[in-house]
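Chains as they are written, first to last, in the numbering used here: chain A, 69 to 629; chain B, 69 to 629.
Hints are supplied without guarantee of correctness; some may be wrong.
[Unchecked claim] Partial list, derived from the structure: chain B residues whose beta carbon lies under 7 Å from chain A:
#  : residue
1  : Leu129
2  : Ala134
3  : Asn138
4  : Gln144
5  : Ser145
6  : Gly150
7  : Val169
8  : Leu312
9  : Gln414
10 : Thr535
11 : Ala551
12 : Pro624
[Stated by the list, open to error] Not close to chain A: a few residues of chain B, all C-beta gaps over 12 Å, as computed:
#  : residue
13 : Gly73
14 : Pro100
15 : Ser130
16 : Ala217
17 : Gly270
18 : Glu332
19 : Glu343
20 : Arg397
21 : Arg452
22 : Leu544
23 : Arg591
24 : Thr594
25 : Ala616
[As the list claims (entries may be wrong)] Every beta carbon over 10 Å from chain A, so not counted as near; a handful from chain B, in silico:
#  : residue
26 : Asp79
27 : Trp172
28 : Glu364
29 : Gln463
30 : Asp536
Calculated from the structure, these hints are not laboratory results. The structure displayed is predicted, hence computed values, not measured ones. Idealized CB from N, CA, C, for every residue including glycine.
Protein chains: 2
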Amino acid sequence: REYRGAPTGTDIECEGWRQEAALRMLNNNLDPEVAEDPENLVVYGGTGRAARSWDAYDSILSELRALEGNETLLVQSGKPVGRFTTHERAPRVLIANSNLVGKWDNWDHFHELEAEGKIMYGQMTAGSWAYIGTQGIIQGTFETLAELARQHFDGDLSGKVVVTAGLGGMGGAQPLAVTMNEGVCIAAEVAEARIDRRIETGYCMEKTDDTDDAIERATEAAQAREPYSVGVHMNAADLLEALLDHGFVPDIITDQTSAHDALEGYYPSGYSVAEADELRTEDPEQYWMQSLDTMERHIDAILELQDRGAIAFEYGNNIRGQVKEHRGRSDAFEFQGFVPAYIRPQFCRGKGPFRWVALSGDPDDIHRTDEAVLELFPEKDHLRRWIDLAQEQIQFQGLPSRVCWFGCNAEGEGDDKLTERARFALRINELVALGEIAAPIVVTRDHLDAGSVASPNRETEAMRDGTDAVADWPILNALLNCAAGADIVSVHDGGGVGIGNALHANNHVVLDGSELAAEKATRVFTTDPGMGVIRHADAGYEDALDEADQSDVPVPMRDQQ
Amino acid sequence: REYRGAPTGTDIECEGWRQEAALRMLNNNLDPEVAEDPENLVVYGGTGRAARSWDAYDSILSELRALEGNETLLVQSGKPVGRFTTHERAPRVLIANSNLVGKWDNWDHFHELEAEGKIMYGQMTAGSWAYIGTQGIIQGTFETLAELARQHFDGDLSGKVVVTAGLGGMGGAQPLAVTMNEGVCIAAEVAEARIDRRIETGYCMEKTDDTDDAIERATEAAQAREPYSVGVHMNAADLLEALLDHGFVPDIITDQTSAHDALEGYYPSGYSVAEADELRTEDPEQYWMQSLDTMERHIDAILELQDRGAIAFEYGNNIRGQVKEHRGRSDAFEFQGFVPAYIRPQFCRGKGPFRWVALSGDPDDIHRTDEAVLELFPEKDHLRRWIDLAQEQIQFQGLPSRVCWFGCNAEGEGDDKLTERARFALRINELVALGEIAAPIVVTRDHLDAGSVASPNRETEAMRDGTDAVADWPILNALLNCAAGADIVSVHDGGGVGIGNALHANNHVVLDGSELAAEKATRVFTTDPGMGVIRHADAGYEDALDEADQSDVPVPMRDQQ
Ligand SMILES: NC(=O)c1ccc[n+]([C@@H]2O[C@H](COP(=O)([O-])OP(=O)(O)OC[C@H]3O[C@@H](n4cnc5c(N)ncnc54)[C@H](O)[C@@H]3O)[C@@H](O)[C@H]2O)c1
Ligand SMILES: NC(=O)c1ccc[n+]([C@@H]2O[C@H](COP(=O)([O-])OP(=O)(O)OC[C@H]3O[C@@H](n4cnc5c(N)ncnc54)[C@H](O)[C@@H]3O)[C@@H](O)[C@H]2O)c1
Chain A
69 REYRGAPTGT
79 DIECEGWRQE
89 AALRMLNNNL
99 DPEVAEDPEN
109 LVVYGGTGRA
119 ARSWDAYDSI
129 LSELRALEGN
139 ETLLVQSGKP
149 VGRFTTHERA
159 PRVLIANSNL
169 VGKWDNWDHF
179 HELEAEGKIM
189 YGQMTAGSWA
199 YIGTQGIIQG
209 TFETLAELAR
219 QHFDGDLSGK
229 VVVTAGLGGM
239 GGAQPLAVTM
249 NEGVCIAAEV
259 AEARIDRRIE
269 TGYCMEKTDD
279 TDDAIERATE
289 AAQAREPYSV
299 GVHMNAADLL
309 EALLDHGFVP
319 DIITDQTSAH
329 DALEGYYPSG
339 YSVAEADELR
349 TEDPEQYWMQ
359 SLDTMERHID
369 AILELQDRGA
379 IAFEYGNNIR
389 GQVKEHRGRS
399 DAFEFQGFVP
409 AYIRPQFCRG
419 KGPFRWVALS
429 GDPDDIHRTD
439 EAVLELFPEK
449 DHLRRWIDLA
459 QEQIQFQGLP
469 SRVCWFGCNA
479 EGEGDDKLTE
489 RARFALRINE
499 LVALGEIAAP
509 IVVTRDHLDA
519 GSVASPNRET
529 EAMRDGTDAV
539 ADWPILNALL
549 NCAAGADIVS
559 VHDGGGVGIG
569 NALHANNHVV
579 LDGSELAAEK
589 ATRVFTTDPG
599 MGVIRHADAG
609 YEDALDEADQ
619 SDVPVPMRDQ
629 Q
Chain B
69 REYRGAPTGT
79 DIECEGWRQE
89 AALRMLNNNL
99 DPEVAEDPEN
109 LVVYGGTGRA
119 ARSWDAYDSI
129 LSELRALEGN
139 ETLLVQSGKP
149 VGRFTTHERA
159 PRVLIANSNL
169 VGKWDNWDHF
179 HELEAEGKIM
189 YGQMTAGSWA
199 YIGTQGIIQG
209 TFETLAELAR
219 QHFDGDLSGK
229 VVVTAGLGGM
239 GGAQPLAVTM
249 NEGVCIAAEV
259 AEARIDRRIE
269 TGYCMEKTDD
279 TDDAIERATE
289 AAQAREPYSV
299 GVHMNAADLL
309 EALLDHGFVP
319 DIITDQTSAH
329 DALEGYYPSG
339 YSVAEADELR
349 TEDPEQYWMQ
359 SLDTMERHID
369 AILELQDRGA
379 IAFEYGNNIR
389 GQVKEHRGRS
399 DAFEFQGFVP
409 AYIRPQFCRG
419 KGPFRWVALS
429 GDPDDIHRTD
439 EAVLELFPEK
449 DHLRRWIDLA
459 QEQIQFQGLP
469 SRVCWFGCNA
479 EGEGDDKLTE
489 RARFALRINE
499 LVALGEIAAP
509 IVVTRDHLDA
519 GSVASPNRET
529 EAMRDGTDAV
539 ADWPILNALL
549 NCAAGADIVS
559 VHDGGGVGIG
569 NALHANNHVV
579 LDGSELAAEK
589 ATRVFTTDPG
599 MGVIRHADAG
609 YEDALDEADQ
619 SDVPVPMRDQ
629 Q
């Protein structure tokens, strides 16, 4: 199937921009520049798909083209299943992907249903049509490492070596995020084509398949305090063991292979990619066993490097959970997750990976939004640094887009008191109305956001009050965003940590310059970061209670917090 | 705590009837006439609660009193956690109860969190404030038995004996539903007070604690083809074994003890209620083990009675699932569930237990709605029969209310083509506007409805395409009802089959005689039964595809069904 990505420009195929935005975002997810394997509808993160089949994809497109401004399309695990009359303040598209009743909420049952074409893995932004390629994750990775640098070093990573693995759709952001923080990165990746892709797009500098060589180059760069990155073409477990053999201890050790899916996301040691792919088809159980064997070695090496002084953290791929569950190794959790360590303080303030996309396809539209960020928030130095670095170093993939971590941080008086997310969205909506931006901007975010996810091995790991697994929150988040009038609302099971390990929600709001868009943006960008604040306030975090005060977020029983 | 139930009359405490309706429904759930154990906030079905604690209850009430007509209150497992500005077409209250991330979605983890006051069991209508006492389930039980009588006998149960157990909040409807179908009912119940309560309220005729006596009276009544019911004060397993010893085989065998919760819903044999309650407090593990021992005997006796010729079905309490899971007895599933046998054909047409409540507290308001049913649907004989029986035999509990199974069955032309649920609701809204009904009517339903539930051991048992456990549907149902403007929307895990076994949603629409109410009712009562049609159409049921044709429900990929 020949495939070209999202339509661009100011002419539309649908009855309105809200429907058109859904159509373009879906197609953007599948843009060969954006998706990892568009022929198979795979967007990123193992088998995260945008639609269940090409037939389902075609049907979604024709449904979107016919959809009226007061109708709502229902998508169930990547397949369109219904269309109902609602009203213009309601969402145009509602999506539920990969959700299973608790007792059946596991990979075995999921794979059975998937084989019969009855369900689809939505990952996070794949099935909700909000993926924007590696550029989407880069700021999150950059911010995480910056926070780590603030906590452990002098605010940057110069002279420090980060060892990691996995240069896929999201993991591929790691080398660039390290060099943007002035550090040195060594990243293992079994698929050479992935390394090449990161080099072509400027995310990684060089490659090698020799450990000695990698250590040597990295050490040199670190001593010179120069940013440097190298992709090492080998299995992660093998690389880490080789480092141990060499007595080389990096400053930081982490990993972004798709370990959450032992069968389709992680490669066992001892095989090339082609050999492993063959084994997977011929003997999936063998594959799965060997994949877990390698993961256990991988964990052992991480723990040993930690013992020898490296700062170790899991980067949300559930490799600890896999080794604990399938190898009975609870000590896998003896190194920390990245959320409690580096992200939660931001979540308490409703801050998370807010992103926007120019539906025109015109990079100038994003440059105008970059200016708007700097005009609106002149006092925020780190934003200026981020925008400068992003403009300089990040190539657009598919529709031009930008990520900035915004939160509540409400300012103004009375009814004009607005969150920073709302202030930004209203300003962009104005610029669209004024014609300074050529076509509507769609604003969305990662499912990994302040108030939108329950994921005990990642976003809600080690919550203060022990409510890691309580999934009422993402459901309330989706319902509330629907009530507030987001244009697309979605709820997924799984994502980065795999089936049965997380529940999370997303939303899109289309800024088409209209009054209606302003109304929706004001509401959604109050409710959505607001949920982050109340969720963390309920768990007893002081920062969240403080943010609730500052941003006027009601917390009904707060005296009992 | 002294407790009186819902406020009545036409004066309101809140800023509008939508908020007032939520307040009255919550209080009605806890009316001592309605709830099984209001002091402990337990409404029905084991520990199904309406609020997490009395503090949470107080806070919900004061939030509702202050809530504006464009605000939305968030309730998380029975506790108010947030309040946001939305708009008047959005819901006033959003509720999520008992939801856990898949891998943690089990009783053990739930009980841990519950003990710390971090979560609440919402059951189905308890936590969504839609329970109306035994009168709520009576029509469902009546319709199930009527369908059974149509399939196996001559359309009624005269001369037939039904043996069952459990005379709790829902199970208590069984004796009356049997006698309304002209049959004879023997029901085991360990708690004598429960039997007394059913006798006082006219649901059951007599009681005994002697098996011989029960068999004798039942046989006499059956021979005379007279309706008759008797509560037998003993453990269900003991009663069934005694029947086997006597060589007595009933025509029908079922059960409605709260077997879904082995610790708090089911009584082990060999103990009085008081003794068992003591054991539960002192040694919960012992209790649980013995409870499962009794359940296994209970299942053995049901299977043996089935072998000897009785029609056996599980009545949605997951007793089969419990004995399979905890005793390794897959043969527990050798008798059928009630849904595939008797309910699914109705779900295919969007039909389910629709119910409405008179907020005035005035029985005349319900009598006027009864008339409206007969005026609107003069051709439906079974509805007339039901309304006549209900008026004659069903006492109101708490706020007067009525249940009728309505579905899609759309009639009319073009934009005036409306489902039977919508036609009914619009007519009632008109009667409220005209003052023929004193105060608004709130329309809601059971979570067990056509398109609102995923529950592999009950509502979605043995789906034609194997999608029993796919939970995208209830989530889409909740989102869509939220988009359509229902006034309360809720999503629960658990319910009648226990934590991890089901996900389901509910909605309320307040008919206050306004244009807004008419608009909401038209939309919600199209989307809600419509979801039942598309869910079953997607699974390949012919009846659903036929209903979609007749009622103009779009099914996007139907040529591939
Ligand atoms: N913020 C977060 O929480 C966050 C962010 C990014 C990624 N993640 C998680 O990280 C993982 C990676 O995401 P992705 O989108 O990049 O996935 P992906 O499937 O696109 O890429 C995974 C990459 O890992 C490589 N790989 C697999 N096993 C390997 C091994 N043993 N040794 C070396 N290389 C190996 C694969 O070849 C592939 O290139 C996922 O589990 C994702 O959920 C989490
Ligand atoms: N439509 C449906 O699917 C449907 C309808 C009604 C009830 N149910 C299920 O049926 C069960 C009962 O619901 P409820 O609201 O009546 O619950 P409840 O907890 O109010 O009542 C259960 C009753 O069973 C009695 N009991 C428990 N163990 C017993 C034993 N071994 N022998 C005799 N009596 C025993 C208890 O004393 C209690 O009165 C629940 O599991 C519920 O989910 C399902």
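Hint by hint, here is what the structure shows:
no.	hint	verdict
1	Leu129	violated (11 Å)
2	Ala134	violated (10 Å)
3	Asn138	violated (10 Å)
4	Gln144	holds (4 Å)
5	Ser145	holds (6 Å)
6	Gly150	holds (4 Å)
7	Val169	holds (5 Å)
8	Leu312	violated (32 Å)
9	Gln414	violated (19 Å)
10	Thr535	holds (5 Å)
11	Ala551	holds (4 Å)
12	Pro624	holds (4 Å)
13	Gly73	holds (24 Å)
14	Pro100	holds (26 Å)
15	Ser130	violated (8 Å)
16	Ala217	holds (31 Å)
17	Gly270	holds (37 Å)
18	Glu332	holds (19 Å)
19	Glu343	holds (32 Å)
20	Arg397	holds (16 Å)
21	Arg452	holds (32 Å)
22	Leu544	violated (5 Å)
23	Arg591	violated (6 Å)
24	Thr594	violated (7 Å)
25	Ala616	violated (10 Å)
26	Asp79	holds (25 Å)
27	Trp172	violated (4 Å)
28	Glu364	holds (20 Å)
29	Gln463	holds (35 Å)
30	Asp536	violated (8 Å)
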